[in-house]
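Q: Now for the letters of each chain:
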Amino acid sequence: MKHVLGAVCGASVLLAVPAMAETTLTIATVNNGDMIRMQGLTGEFTKKNPDIAVKWVTLEENVLRQRVTTDIATKGGQFDVLTIGTYEVPIWAKKGWLVPLANLGADYDVADLLPKIKDAVSADGKLYAAPFYGESSMVMYRTDLFEKAGLKMPEKPTWDFVIDAAKKLTDKSGGTYGICLRGKAGWGENMAFLSAMANSYGARWFDEKWEPQFNTPEWKTTLTTYVNLMKEAGPPGASSNGFNENLALFNAGKCAMWIDATVAASFVTNPKDSKVADKVGFALAPNTGLGKNANWLWAWNLAIPAGSKKTEAAEKFIAWATSKDYTKLVASKEGWANVPPGTRTSLYENPDYLKVAPFAKLTLASIDAADPNKPTVKPVPYVGVQYAAIPEFQGIGTQVGQQFSAALAGSTSVDAALSAAQSVTEREMKRAGYIK
Amino acid sequence: MARMATRQRVVISTIGAWLFGFLIFFPILWMVLASFKTELEAFAIPPSFLFFQWTTENYAAVQERSDYFHHAMNSIIIAGGSTIIALLIAIPAAWSMAFAPTKRTKDILLWMLSTKMMPPVGVLVPIYLIFKTFGLLDSRIGLVFILCLGNLPIVIWMLFTYFKEIPRDILEAARMDGATIGRELVYVLTPMAIPGLASTLLLNLILAWNEAFWTLNLSTSYAAPLTTFIASYSSPEGLFWAKLSAASTLAIAPILVLGWFSQKQLVRGLTFGAVK
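Chains as they are written, first to last, in this note's numbering: chain E, 1 to 436; chain C, 1001 to 1276.
Treat the hints with care, since some could be wrong.
As a list, the in silico EDC-like pairs of lysine to aspartate or glutamate whose alpha-carbon atoms are at most 16 Å apart [as the list claims (entries may be wrong)]: (1) Lys333/E - Asp352/E; (2) Lys275/E - Glu1041/C; (3) Lys55/E - Asp1067/C; (4) Lys55/E - Glu1041/C.
The following label-pair restraints were derived from C-beta to C-beta distances [said to hold, decoys possible]: (5) Pro379/E - Thr1133/C: 43 to 51 Å; (6) Thr311/E - Pro1046/C: 49 to 57 Å; (7) Ala306/E - Phe1213/C: 47 to 55 Å; (8) Ser240/E - Ala1044/C: 15 to 23 Å; (9) Pro217/E - Phe1051/C: 49 to 57 Å; (10) Asp124/E - Thr1133/C: 27 to 35 Å; (11) Ala277/E - Phe1051/C: 18 to 26 Å; (12) Val1032/C - Asp112/E: 45 to 53 Å.
Since the hints were derived computationally from the structure, they do not count as laboratory data. Computed from a prediction, not measured in an experiment: that's the story for all the values here. All residues carry an ideal CB built from backbone N, CA and C; glycine is no exception.
Next comes chain E alone, as it looks inside the complex:
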């Protein structure tokens, strides 16, 4: 028995010794298409930097968030480059968890970064992450259905127009729904859409003194409009639809309109995946004339955790992956339609890109229309368009999202959902010490 135990332990120890060679970067990333492409192009980076090897940890967004947060909070030092969202950057920068990016190289051209995106990844004037791709949200609509109904989508539609068109275009017996919107509960799911929609109706998450605002008429109008619209013109079971479910519905030709991330534009216009690829038009997210559109702002960024001991190599990698040359590299290998969008001004001036991306102009206009520092009509104490960049927001946002999803499903009323959202948010904000 002793021998067996010894052998097992010995074998495990032997197998547990990792191979060590040159500088090896461990990069944690979400598994969105653009990131997978970056992973595929690693060889180009290591060819230029033979002394650096790269190991990838690709995970689903929520798993990655938990994994990376545990590591960075305990200074575990398991990762050298992280992929994080605009939500995390200001919070983590403030906690001293990220290394400021000061040596991206002379030819990096920081001034070329889209100003709104650059703001979102900076804190105290320092760049704490480099944007890899950026997105906003916009209206995607079926040009054929609009034409058939004699409707014309304005470039800057109002909510009144969108609601009216959605009702007219709904043909429930034929399986076509006027509008598909997110309903699945989650701070990054239905609350991303609803917070942006609320901004366009002049609502806000908190007032200047961090008092939750769900008891205001603006929120009531937002939620009532949303629930009624989805009841009349939305697909069945909308309360469990997120990005992917709506993408599948839209691609199958079941939605006349869909308001969601600008990155969806390349999916719905790809004939390999979409049945309606040649019948899609784009417009800015709707407004109510108050000066704010219902669109959000998000970017996936590369950053270096404070625990990494290979910051120099990590910064080299980040500079490579977010440079103009990388965009050119992707274009040469996979075509201009597949380059990561939404981070650099130069991309939107490139005629080759504009030719293959009919949605480029709208993407840029949508990004420009969102302001993380002034997300809604009234002043707010937080940064972020569809979120408030405070650590407590993930928990609060998801709980509020559950209430709103229940209101959409009809298991609670709009009023009850709003008052529950108000009390949940108040309780959490008191607990966290923002309000007394």
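Here the structure of chain E is known, so what remains is to put chain C in place on it, guided by the hints.
A: Same frame as chain E, but now just chain C:
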């Protein structure tokens, strides 16, 4: 007449059993089918059952993107290692509780089980810090250790119930013949408990193979088993069902084959007490 009725009953129960079996197996079958569809077909409503354009592009894409064999080898080492070590600890522990109980034995058994009642995320940060301090993060030995600890209560409980079924007289007879405790364990008890041991081993292997919380949180790339491999194929943005199905099919294949070949042992072990 009576014979006909019996035959009818046999036919009905056979059909019933097959239907039930099919129902249980259906999700796995669906996953395998989806892995041979294109992304668009995998998402299509209404879904097509067998009549679609079969493709192996998902398997090619998965193989191109990740190193399946590296992850599979990690899974084998981690699940196998943790199971063997857990059994080596659990056999003597269960023996002492079954054949030499004290008045505290029951409490100890319950206390051991209570460690399974806490959600693992509750101890994530302390365990992570311990792993960091001892340099065990992203190491196979660390994962072997934590999975072994996690499954020990169940292994001990299972073995304890199997051992309880073995008549004490046989062990006493061995003792009368002058067998030491070690010999009694190895030459008398273990062979008699083989079906129970086999099913415990298999169950523990499956639990360790499928364990996703600790393996995802404590590994990055070097020690990452198949659970991390699967987790890299679901995505909140974009269509992924077909590729995820291909990755999942590849991930469960080894354990499915193992389960298939040893189902006789497994069933015998699970009904070990019942036939007495």
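Q: Could you run down the list of hints and mark each one as holding or not?
A: We went through each hint and held it up to the structure:
1. Lys333/E - Asp352/E: With Cα atoms ~14 Å apart, Lys333/E and Asp352/E stay inside 16 Å; holds.
2. Lys275/E - Glu1041/C: 11 Å, holds
3. Lys55/E - Asp1067/C: 12 Å, holds
4. Lys55/E - Glu1041/C: Roughly 33 Å separates the two Cα atoms, so the pair is violated.
5. Pro379/E - Thr1133/C: 43 to 51 Å: The hinted range 43 to 51 Å holds for Pro379/E and Thr1133/C, with Cβ atoms some 46 Å apart.
6. Thr311/E - Pro1046/C: 49 to 57 Å: 53 Å, holds
7. Ala306/E - Phe1213/C: 47 to 55 Å: 26 Å Cβ-Cβ, so the 47 to 55 Å window is violated.
8. Ser240/E - Ala1044/C: 15 to 23 Å: 18 Å, holds
9. Pro217/E - Phe1051/C: 49 to 57 Å: The hint (49 to 57 Å, Cβ to Cβ) holds, given that Pro217/E and Phe1051/C are roughly 54 Å apart.
10. Asp124/E - Thr1133/C: 27 to 35 Å: 33 Å, holds
11. Ala277/E - Phe1051/C: 18 to 26 Å: Distance hint for Ala277/E, Phe1051/C holds at roughly 24 Å.
12. Val1032/C - Asp112/E: 45 to 53 Å: 48 Å, holds
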